[in-house]
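*Asks:* So you can see what is in the structure, the chains are spelled out below.
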Amino acid sequence: MSRFFHTLITVALACLVIACAPLQPEREYVQRDDLKVDPEVRHSLSVTELLQSRLEQPGGGSLLQIQFSVEAFEDTDMEWAVTWFDEAGMVVPGVGEGYREVRILRNQVRFFMATAPHERVVSFQLHLREDR
Amino acid sequence: MMKKLAVVTLTTVLVAACAAPTRYVDPAADTGPVTMTMDYRDFERAADAAVQDLLASGAVDHPGGERYVMVVSRIVNDTMQRIDTDQLVKKIRVALLRSGKVVTTTAVGLDGGEDEMNKAARELRDSEEFDQSTVQQKGTLQAPDLSLSGKIIQRNHQVEDEQQVEYYFQLSLTDLRQGLAIWENETPIIKRGPDDTVAW
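Protein chains in written order, with the numbering used here: chain E, 1 to 132; chain Z, 133 to 332.
By construction, these hints were calculated from the structure, which means they are not laboratory data. Predicted model only: the values in this text are computed from it and were never measured. Hints may contain errors.
[Claimed, not checked] Just so you have them, the derived chain Z footprint on chain E, three or more residues with Cβ under 8 angstroms:
no.: 1; stretch: 35–49
no.: 2; stretch: 60–69
no.: 3; stretch: 89–102
By construction, the Cβ of each residue, glycine as well, lies at the ideal position given by its N, Cα and C atoms.
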């Protein structure tokens, strides 16, 4: 009987401790997408392909390289940039943070390439936005 | 006289009030107008294109997994602007160092070492004031394997009633063992604008 009360008190205490513990706020993250196209340019162009491969290096390592193509429905001025991430999801800096401006004529398909700045890069995000 | 002074003062105050305030520019969100001269965006673009091409070429990937030692040779400014070519070279150096594939020597240069302290620190060898075990020993400096050289060219053209300015960022990487250029790159940046704008 005394053992039953002992267990009961232990369980009650445990419940109290859990109840009093500070509540961890629930965080909701939006999954990072490889491709982000702003609505301002979505109506005038489409990304027709987005490829990625590892470029083998003479020393045995490899670099992530991407290629994407864009087809325009009308003459479009846009900008693009790639952000690179390592295994932990941390940004791996390249040269500067600027965007590249490009002009795509109607019905033209253009191909663009980018190479990661370090071998530890495993993922990326390509961002297309209107030329400002 | 007083009336004239009042008008001038009022005009000055109005002009000052309408002037854009001084503000910081975020390179990732710079919506400012393009200049006919070379600005930071042009150097960034040229350096980025060069570094990506260089890394992709595999020319700076040491087969043994070690880092190459690079020296910066002459980068000629053949433009009508007074620019410091380090605006281009430093970005390339930083990116190559971060890549883990190349380290730049500051002990050697066409006009002497970039950091003269390499030499000054070795002049302490005979000084009794210094603990000689902490002084740099002979034969510790590393000679460069690679040399980066290049040229920035500017060409101006008249296109109808507009002006076209062409900038060419040309770079070569030489393997100093053989004297061969193992990588070369040219990034053209072309601008067209009103004839009254000045590009020098």
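*Asks:* So, for every hint listed, does it hold in this structure?
*Replies:* Outcome of the hint check:
1. 35–49: With 0 residues closer than 8 angstroms to chain Z, the stretch 35–49 of chain E misses the three-residue bar; violated.
2. 60–69: As far as the stretch 60–69 of chain E goes, the hint holds, because 4 residues have Cβ atoms under 8 angstroms from chain Z.
3. 89–102: Our answer is that it holds, as 8 residues pass the Cβ test (under 8 angstroms) against chain Z, meeting three.
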